[in-house]
Amino acid sequence: MANELNGFDIQEILKLLPHRYPMLLVDKVIDYKVGEYLHAVKNVTVNEPLFTGHFPDQPIFPGVMILEAMAQATGLLGFKTVENRSENELYLFAAIDNARFKQPVLPGDVMNLHIEFVKERRNIWKFYGEAKVDGKVVCCADLMCARREL
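Residues 0 to 149 (numbering that gives the first Met the number 0) are what the sequence shown spells out, left to right.
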């Protein structure tokens with residue numbers, strides 16, 4: 000029996016995340032399972048404004064932006080996991096541990112963001128994330144988000 004994917008598009012992402020251009024770094028969600036994992040995609044294009052300065056002659060997608068994309072994916076998994084959440088609730092990036100960058104991400108790459116829920120304690124959620132390009136890990140990190148009512 001084939002595994003049916005459970006994803007959603009940019010319209011659902013826009014409903015869940017407060018980010019907008021140029022800071023919205025998740026293009027679609029391929030699959031997720033509430034309270035367990037999420038697989039999202041970020042298409043890296045040369046038209047992104049950050050490439051005018053990082054680095055103009057040899058553009059490289061900044062590592063901090065890879066981590067931000069993974070953090071946004073953790074927020075999506077968090078929002079999908081919590082039932083009856085408030086309209087004013089956000090997931091705020093709280094910590095990064097054990098971040099490793101394995102190879103550069105370049106314009107034209109499709110970054111697959113794989114997020115796994117690890118645990119939740121007192122509204123602090125811990126996740127493990129990997130960003131992959133062509134099946135190879137380009138970045139991995141432990142990420143923590145704080146669930147807050149604003």
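Among the hints, a few may not be true.
[Stated by the list, open to error] Straight line, CA to CA, 27 Å or less: simulated DSSO-like cross-link-like pairs of lysine-lysine: (1) K27 to K131; (2) K131 to K101; (3) K32 to K135; (4) K125 to K32; (5) K27 to K118; (6) K79 to K27; (7) K79 to K131; (8) K118 to K32; (9) K135 to K118; (10) K14 to K131; (11) K32 to K79; (12) K14 to K27; (13) K125 to K27; (14) K32 to K131; (15) K32 to K14; (16) K79 to K118; (17) K125 to K79; (18) K131 to K118; (19) K101 to K125; (20) K118 to K101; (21) K135 to K125; (22) K135 to K14; (23) K101 to K27; (24) K101 to K14; (25) K101 to K135; (26) K125 to K14; (27) K79 to K14.
[Claimed, not checked] For each label pair, taking beta carbons as the anchor points, the in silico distance ranges come out as: (28) N122 to L49: 16 to 22 Å; (29) Q57 to I123: 25 to 31 Å; (30) A94 to V40: 30 to 36 Å.
Since the hints were derived computationally from the structure, they do not count as laboratory data. Just so you know, even glycine gets a beta-carbon here, dropped at the ideal spot from N, CA and C.
Now the hints, each set against the structure:
no., hint, result
1, K27 to K131, "15 Å, holds"
2, K131 to K101, "10 Å, holds"
3, K32 to K135, "23 Å, holds"
4, K125 to K32, "16 Å, holds"
5, K27 to K118, "24 Å, holds"
6, K79 to K27, "14 Å, holds"
7, K79 to K131, "22 Å, holds"
8, K118 to K32, "15 Å, holds"
9, K135 to K118, "26 Å, holds"
10, K14 to K131, "25 Å, holds"
11, K32 to K79, "9 Å, holds"
12, K14 to K27, "12 Å, holds"
13, K125 to K27, "22 Å, holds"
14, K32 to K131, "19 Å, holds"
15, K32 to K14, "18 Å, holds"
16, K79 to K118, "15 Å, holds"
17, K125 to K79, "15 Å, holds"
18, K131 to K118, "23 Å, holds"
19, K101 to K125, "22 Å, holds"
20, K118 to K101, "26 Å, holds"
21, K135 to K125, "23 Å, holds"
22, K135 to K14, "30 Å, violated"
23, K101 to K27, "24 Å, holds"
24, K101 to K14, "32 Å, violated"
25, K101 to K135, "9 Å, holds"
26, K125 to K14, "23 Å, holds"
27, K79 to K14, "11 Å, holds"
28, N122 to L49: 16 to 22 Å, "32 Å, violated"
29, Q57 to I123: 25 to 31 Å, "38 Å, violated"
30, A94 to V40: 30 to 36 Å, "25 Å, violated"
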